[in-house]
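*Asks:* The primary structure of each chain is shown beneath.
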Amino acid sequence: MTIYDACESSPQIRLSRRMRIVLFFLVEGVAALAIGFAALFVSFDPVWSAELPQQAVLRPSEARSGSLLFKTDDGYRDALRLGIDVDLTVSGPTVRARVTQIFRNPTKDWVEATYVYPLPAGGAVDTLKMVVGDRIVVGDIKERQQARAIYEQAKQNGQKAALTEQERPNIFTNSVANIGPGETVLVQIEYQELVQQNGNEFSLRVPMVVGPRYNPRPVVQSVDLRADGSGWGATTTDPVPDRDRIASEVLDPATNAPINPTNITVHLNAGFPLGEVKSHFHQVKIESPDSTTRVVKLAEGPVPADRDFELSWKPAAEKAPSVGLFREHVGNSDYLLAFVTPPSVEQAQQKALPREVIFVIDNSGSMGGTSIIQAKASLLYALGRLQPTDRFNVIRFDDTMDTLFPSPVAANSANIGNATSFVSAIQARGGTEMVPAMRAALSDTNHDDADHVRQVVFLTDGAIGNEQQLFETISALRGRSRIFMVGIGSAPNTYLMTRAAELGRGTFTHIGSVEQVDERMRDLFAKLENPAVTNLAAKFSEATADLTPSALPDVYRDESLVLAAKLDKLAGSVEIKGRIGDRPWSVTLPLANAAEGKGLSKLWARRKIADAEVARTTRQANPEDADKTILALALEHQLVTRLTSLVAVDKTPSRPEGEPLRLSELPLNLPAGWDFAKVFGERPRLPAAPTERRADAGDGKVQFAALKRSPVATQGPGTIQLPKTATDAELKMIAGVILLTVSLLLLVFNRRQTLSH
Amino acid sequence: MRRFILPLAFALIGLILFGQGAYIHAKALLAQVLLERAFAQSIATGHPVKPWRWADTWPVARIEVKRLHASAIALAGSSGQALAFGPGHVEETVDAGEPGIAVYSAHRDTHFRFLKDVTIGDEIDVTRSDGKIFRYRADRSAVVRFDQSGIDPLTNRYELVLSTCWPFDALTSGPERYLLHATMIQSDSSLSDSGS
Chain A
1 MTIYDACESS
11 PQIRLSRRMR
21 IVLFFLVEGV
31 AALAIGFAAL
41 FVSFDPVWSA
51 ELPQQAVLRP
61 SEARSGSLLF
71 KTDDGYRDAL
81 RLGIDVDLTV
91 SGPTVRARVT
101 QIFRNPTKDW
111 VEATYVYPLP
121 AGGAVDTLKM
131 VVGDRIVVGD
141 IKERQQARAI
151 YEQAKQNGQK
161 AALTEQERPN
171 IFTNSVANIG
181 PGETVLVQIE
191 YQELVQQNGN
201 EFSLRVPMVV
211 GPRYNPRPVV
221 QSVDLRADGS
231 GWGATTTDPV
241 PDRDRIASEV
251 LDPATNAPIN
261 PTNITVHLNA
271 GFPLGEVKSH
281 FHQVKIESPD
291 STTRVVKLAE
301 GPVPADRDFE
311 LSWKPAAEKA
321 PSVGLFREHV
331 GNSDYLLAFV
341 TPPSVEQAQQ
351 KALPREVIFV
361 IDNSGSMGGT
371 SIIQAKASLL
381 YALGRLQPTD
391 RFNVIRFDDT
401 MDTLFPSPVA
411 ANSANIGNAT
421 SFVSAIQARG
431 GTEMVPAMRA
441 ALSDTNHDDA
451 DHVRQVVFLT
461 DGAIGNEQQL
471 FETISALRGR
481 SRIFMVGIGS
491 APNTYLMTRA
501 AELGRGTFTH
511 IGSVEQVDER
521 MRDLFAKLEN
531 PAVTNLAAKF
541 SEATADLTPS
551 ALPDVYRDES
561 LVLAAKLDKL
571 AGSVEIKGRI
581 GDRPWSVTLP
591 LANAAEGKGL
601 SKLWARRKIA
611 DAEVARTTRQ
621 ANPEDADKTI
631 LALALEHQLV
641 TRLTSLVAVD
651 KTPSRPEGEP
661 LRLSELPLNL
671 PAGWDFAKVF
681 GERPRLPAAP
691 TERRADAGDG
701 KVQFAALKRS
711 PVATQGPGTI
721 QLPKTATDAE
731 LKMIAGVILL
741 TVSLLLLVFN
751 RRQTLSH
Chain B
1 MRRFILPLAF
11 ALIGLILFGQ
21 GAYIHAKALL
31 AQVLLERAFA
41 QSIATGHPVK
51 PWRWADTWPV
61 ARIEVKRLHA
71 SAIALAGSSG
81 QALAFGPGHV
91 EETVDAGEPG
101 IAVYSAHRDT
111 HFRFLKDVTI
121 GDEIDVTRSD
131 GKIFRYRADR
141 SAVVRFDQSG
151 IDPLTNRYEL
161 VLSTCWPFDA
171 LTSGPERYLL
181 HATMIQSDSS
191 LSDSGS
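In order, the protein sequence lines correspond to chains A and B. Residues in the first sequence are numbered consecutively from 1, following this note's numbering. Residues in the second sequence are numbered consecutively from 1, following this note's numbering.
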């Protein structure tokens, strides 16, 4: 009986065991599908954060911003040489700069040179002169396309021509066509700029190096360097070591004359008795003809253009003039420039207003990798800096959005702790819906509360295409909030950042690496915590004024308010009102007492153009109207803008009459002692296969790029970095299958053991 | 019961790993379907169309190797995010059909798996989002380090580079990249002429 029973039951057991194994597989299969499918909705971003190395984006843009490239028809080994002379005249509040670039073609071919260079943002470029042999050609301002066409035509015809174009408000390109073999062409541009004032100190800066603060996009892409193709291919050598070697050679003044020599002279007429005058990065000789004037020259002649030139000066009196008022009469109008520094004594006693800070962090997928780490570190730093009297809130967004607290809360330790863990848990994923987040950040629930300064700190890479919408949101909803954009990562959308900060009456801070977080955030907080003057407004008593900037920014610690205005008559006064801390503050400046200034009309026009660009993007003016305004201003004041360029064409060797008149008033300011032979004569041959030259290993401004018809023509900074293109999909699937098999074996083994017992 | 814990834990981890791997492929496949649709729409409307609402990128080109019946829709940008869904058009390189080098990168195990089968002389068609088709012929391949690609973006010939990770059958990612270089042989007009 028992045997029979056993016989009967054993197939059942076998069947059920088989069933179980089948079921097991079935369940596993379904589970695998289910998990795979569920995973579609759960992002495994770390898997994908295939980062480009940091410098991938930074390096080309840095290197390209001050590059000299030259074209030949059949490629050449020798690079074009360039020398730069910068002559600055400071007249009270303005700087007139004359930058002479000397292009020399040591080759046996006709070449076209294109030089991309930085200028101070806000500099108004208004003059272009080209000197060929003993002929001087003065550039005319033209609409951009027209100028380009004129230039191209001249180039075709074999005439010498120069063209100055604006790539960005602070990046310009000079093109010079048809430089003959062994010829030297001088191109001179002039710009007008404002003196910077910071507390007691006045300063000017000539950008020689394009540092990360500009972070321009690769402007050189518009410049095509003619190689005939075989430049691609076998080269896998790293050009950087070679470049460093060349750079160190250049920098050895004992054995070599500087190869990219720059000479700088400053005529300083401060308008007040001068105290200390200091050059921060260069050895200088300073002459003092009288108490208000200095002539600053480089102590040891031309230097390699490897760092910015910065000059600062202080008044002899202990206190800097807190007010400056200057006027210029051009045509039928008066132009006014006013500097006002809020009283520093009062400022020192003033306790900062408590703040209401809304932090917004972008955790979209494009922030994946190091960007999100920087953003989180910055935000955690910021949370740590809050004072107990402050209020704050945190918003994170991708294509969804979370607001940490329903309304801003006091910055006590419990709330800060809450926020810290909230921020720490953030991961990068999803899309970038920035507008709702900005709208949420700007929705001001305590708008009657004048005791708190409301600040929005917005951390993002700005990787969005609907900038327009964001600008509209800001201009419509900004209210009393100030927006401080913090650009994260190696290539944030700087256009978006600066515009947004401008519209939001705040600042733009760029954090390009984790190491920069502390320093940059500290600077930002110095501004956030010390709003010297808020709610600024200016009123003219009699004159009708066309004022710029139209929305007066907050004046942060040690900054001064700078106003430019076009007036119908120079009469009455201007009253500037604001609040310092909790106290109202106002100052009245009588216009009649303004001192004579130079180039104020250009500065005014430059700022009006910037305003029009803003209005254009915010659609306060429609694009056609804004463009018309810009064009009219640019043509009237002879400025290079997005829409206008300067073009000079050497029509024939015998220029028409009338030009010699201009010729005579052209002191082409080559400094005495500028020795062409010395500048250009040394080392006629560059080291083997020079593909790039830099004045400094780090970030020299002037570079030479020559493309040869050889496969060695690897462009160091131009080399494209390739993204990571492998996934661990297969690895994971294989590991998964192995683990499943192991578990199956274990199960079967277990079953065997159970049965055998 | 205890004896089930270990195998079940193994099974669970195995499932998660397998699921993640499968998810990568599922995402790559599904995205291409959505991208195909968005790309067709882009060509029709002339505006970039996002493949899905929250996408960070949009289709810019179709890369096709007719001999291998392989095709993929490339996306703007080459961030890791974009590469999960399709080949990425590397920033700072020109569009296909423009003078200069257009560089597209994709994962070797998904969209550019076919790259190892492309031989010198193969024709590669690139359709831009404006509907123009450019034909390139593969003429060189190279293995380089990711940061020393040797690609010169400043050329003014019409060139194309497809890049993916090297070696093709490795399981982990490394610094080496495989580059397939091609030169344009037919621009849009001539292609349509020969087609008609």
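Certain hints may be false.
What the hints assert, rightly or not - Output of the computed footprint for chain A on chain B, the stretches with three or more beta carbons under 8 Å from beta carbons of chain A:
hint	region
1	54-63
2	82-93
3	98-106
4	109-117
5	122-132
6	162-170
Stated by the list, open to error - Simulated coverage check for chain A against chain B, where a stretch passes if three residues somewhere in it have a Cβ under 8 Å from a Cβ of chain B:
hint	region
7	284-292
8	423-434
9	450-456
10	746-752
Stated by the list, open to error - Quick partial rundown of chain A residues pointing at chain B, CB under 7 Å, derived from the structure:
hint	residue
11	D399
12	T403
13	L722
14	A735
15	V742
Since the hints were derived computationally from the structure, they do not count as laboratory data. All residues carry an ideal CB built from backbone N, CA and C; glycine is no exception.
*Asks:* A separate judgement is required for each hint: does it hold in the structure or not?
*Replies:* Outcome of the hint check:
{"no.": "1", "hint": "54-63", "result": "holds (count 3)"}
{"no.": "2", "hint": "82-93", "result": "holds (count 7)"}
{"no.": "3", "hint": "98-106", "result": "holds (count 6)"}
{"no.": "4", "hint": "109-117", "result": "holds (count 3)"}
{"no.": "5", "hint": "122-132", "result": "violated (count 0)"}
{"no.": "6", "hint": "162-170", "result": "holds (count 4)"}
{"no.": "7", "hint": "284-292", "result": "violated (count 0)"}
{"no.": "8", "hint": "423-434", "result": "holds (count 4)"}
{"no.": "9", "hint": "450-456", "result": "violated (count 0)"}
{"no.": "10", "hint": "746-752", "result": "holds (count 3)"}
{"no.": "11", "hint": "D399", "result": "holds (3 Å)"}
{"no.": "12", "hint": "T403", "result": "violated (19 Å)"}
{"no.": "13", "hint": "L722", "result": "holds (5 Å)"}
{"no.": "14", "hint": "A735", "result": "holds (5 Å)"}
{"no.": "15", "hint": "V742", "result": "holds (5 Å)"}
Taken one by one, the earlier hints fail for this structure at numbers 5, 7, 9, 12, listed in ascending order.
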